[in-house]
Structure formats: C-alpha cells, structure tokens
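S.K.: Numbering follows this note's numbering, in which position 29 of the sequence shown is assigned residue number 29; successive positions increment by one, without gaps.
Hints were generated in silico from the structure; no laboratory data involved.
Careful, some of the hints might be misleading.
Said to hold, decoys possible - Taking lysine-lysine and the DSBU-like style, the derived pairs with C-alpha atoms no more than 30 Å apart in a straight line are: (1) K184 to K95; (2) K187 to K172; (3) K184 to K172; (4) K172 to K95.
As the list claims (entries may be wrong) - Ranges between beta-carbon positions, derived for each pair: (5) P17 to S50: 32 to 38 Å; (6) T191 to Q86: 49 to 55 Å; (7) A90 to P125: 40 to 46 Å; (8) C77 to V127: 33 to 39 Å; (9) Q86 to V127: 22 to 28 Å; (10) G115 to H145: 26 to 32 Å; (11) D135 to K187: 52 to 58 Å; (12) A55 to R148: 21 to 27 Å; (13) R124 to L85: 56 to 62 Å; (14) R43 to G100: 20 to 26 Å; (15) S50 to W22: 19 to 25 Å; (16) A65 to V44: 20 to 26 Å; (17) V44 to P188: 47 to 53 Å.
Cβ atoms here follow ideal geometry from the backbone N, Cα and C, with glycine treated the same way.
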Amino acid sequence: MGLNAAAYRAQLQALLPPGAAWPRAADATLTRLLDALAEELARVDARGWSALDEADGRMALELLADWERVCGLPDTCGAGVATTLQERRAAVVAKLTALGGASPSYFLGLAEAMGYTVELDEFRPFVTGINRCGDRLGGGHAVRHQWRVRVTGPRFTAFRTGASQCGDLLGKIDRAADLECKLKRLKPAHTRLIFSYEGA
Numbered sequence: 001m002g003l004n005a006a007a008y009r010a011q012l013q014a015l016l017p018p019g020a021a022w023p024r025a026a027d028a029t030l031t032r033l034l035d036a037l038a039e040e041l042a043r044v045d046a047r048g049w050s051a052l053d054e055a056d057g058r059m060a061l062e063l064l065a066d067w068e069r070v071c072g073l074p075d076t077c078g079a080g081v082a083t084t085l086q087e088r089r090a091a092v093v094a095k096l097t098a099l100g101g102a103s104p105s106y107f108l109g110l111a112e113a114m115g116y117t118v119e120l121d122e123f124r125p126f127v128t129g130i131n132r133c134g135d136r137l138g139g140g141h142a143v144r145h146q147w148r149v150r151v152t153g154p155r156f157t158a159f160r161t162g163a164s165q166c167g168d169l170l171g172k173i174d175r176a177a178d179l180e181c182k183l184k185r186l187k188p189a190h191t192r193l194i195f196s197y198e199g200a
C-alpha cells in the first residue's frame with residue numbers, strides 16, 4: 001500500500017538541510033507547511049494505488065462503465081441487464097474470460113447456460129460410395145455450411161376451439177429471441193444457422 005501523510009512528512013523533513021532555520025518541531029510553521037504538502041502527496045499516492053484496482057475489471061468501481069463499454073456490455077442479446085455492482089463486475093469478467101469455440105459442444109453449453117434445451121443437427125451432402133440407397137439426398141454441397149438448432153420444450157401454442165377466440169392465430173411459436181441472437185452472433189461466419197422449435 002501507499003504511504004500515509006505522516007510518512008510523507010518524515011520524508012520531506014529528511015530532505016531539509018540541517019540547521020536552526022529549518023525547525024522540525026511539531027508546532028513550527030515549516031512543519032505545518034510540510035504537513036499540508038504531505039497530506040496532498042498521500043492523497044495522490046492513494047489515488048495511484050486505487051488506479052491499480054481500476055485496471056482490473058474484477059475490482060473496478062470508477063472505471064466500470066469504461067470496462068463495460070470496452071466489453072460491449074450490456075449485451076444486446078442478453079435477457080436481463082446486470083444492475084448491481086457485483087453483477088456488472090461479473091459480466092465484465094465473464095466477457096473477458098470467455099474462450100469461445102466453434103464446436104457443437106460449445107453451442108450446446110451456451111444454450112444450456114441460457115436455460116434452453118437444444119439439439120444440434122449438422123447436414124451432410126449425399127456422397128456416392130459413402131451413403132447408401134435410401135439415405136436422404138441432402139441438398140448438395142451447400143448444406144455443408146448449414147446447421148440446425150432444434151429448441152425443444154413447450155414453445156408452440158395451438159389454436160383451440162373453446163379456449164381461443166376469433167382472430168387468434170392458428171398457431172404461435174414462442175421464439176427464443178435471446179438464444180437466436182447470441183448464437184447468430186457467435187456462429188462461424190461462413191455458416192447458415194436454422195432454428196426449429198419442437199415440443200408440445
């Protein structure tokens with residue numbers, strides 16, 4: 001930690017030349033002047049040490065808004081915005097320490113962390129000599145760059161006689177907008193992502 005005002009006063013007095021013109025008594029005018037200088041030096045010293053804390057997103061307070069700006073927070077795909085100091089710091093640390101990835105397990109983990117149960121399907125074109133009769137043709141070589149995220153669970157509301165009224169939609173899908181946004185933003189750039197919603 002830094003030095004306090006008493007330590008700075010002692011250092012300033014040690015720099016003075018010896019002699020009667022430079023009194024070191026506590027009630028001397030020169031000592032009171034050195035006390036005022038020492039207080040300011042101690043304040044600047046403390047601010048310098050606090051700047052070290054601000055350089056770490058886990059302990060930032062005054063520069064937390066700058067950390068959030070640099071990290072792109074609040075996340076445009078996020079469901080909720082961090083409001084407490086601890087939540088904001090945790091969001092900064094999570095953004096800085098995220099490793100990323102392009103594997104199916106990475107995207108499954110992201111969906112699970114957001115509270116969704118999903119299945120991933122990667123498409124492959126039909127290749128003579130590898131596939132057999134009866135296999136799906138698959139849509140050509142372009143399908144190599146497509147993958148599907150199947151969001152499972154009760155996400156579809158169907159029109160029901162007696163429960164719905166005239167003018168209601170025949171069916172409504174409760175989309176996982178936050179999941180779609182996040183996965184589309186993090187997917188490999190050369191791929192096309194398709195979402196499907198399945199479940200009762």
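S.K.: Does each hint hold? Answer for all of them.
M.R.: Okay, the hints, checked on the actual structure:
A hinted pair counts as satisfied when its Cα atoms are at most 30 Å apart, and K184 with K95 qualifies at roughly 17 Å. For the suggested pair K187 and K172, the alpha carbons sit about 26 Å apart, so the restraint of at most 30 Å is met. Taking the CA atoms of K184 and K172, the gap is near 22 Å; set against the 30 Å cutoff, the hint holds. Distance hint between K172 and K95 is unfulfilled; the C-alpha atoms sit about 34 Å from each other, more than 30 Å.
For the pair P17 and S50, the supplied restraint of 32 to 38 Å holds, since their beta-carbon distance comes to about 35 Å. About 36 Å separates the C-beta atoms of T191 and Q86, a value inconsistent with the hinted range of 49 to 55 Å. In this structure the supplied range 40 to 46 Å holds for A90 paired with P125, their Cβ-Cβ distance being about 44 Å. Distance hint for C77 and V127: a CB-CB separation of about 36 Å, consistent with the stated range 33 to 39 Å.
Evaluation of the 22 to 28 Å hint for Q86 and V127 yields a failure: the beta carbon distance comes to about 53 Å. Hint check: G115 to H145, Cβ distance near 28 Å, so the stated range 26 to 32 Å holds. Look at D135 against K187: about 26 Å separates their beta carbons, and that is not inside 52 to 58 Å. For the pair A55 and R148, the beta carbons lie near 43 Å from each other, so the given range of 21 to 27 Å is not met.
For the pair R124 and L85, the supplied restraint of 56 to 62 Å is violated, since their beta-carbon distance comes to about 49 Å. For R43 and G100, the hinted distance range of 20 to 26 Å is not satisfied, since their beta carbons lie about 42 Å from each other. The hinted range of 19 to 25 Å is not satisfied by S50 and W22, whose Cβ atoms lie roughly 34 Å apart. Between A65 and V44 the CB atoms are about 23 Å apart, so this pair conforms to the stated range of 20 to 26 Å.
The hinted range of 47 to 53 Å is satisfied by V44 and P188, whose Cβ atoms lie roughly 50 Å apart.
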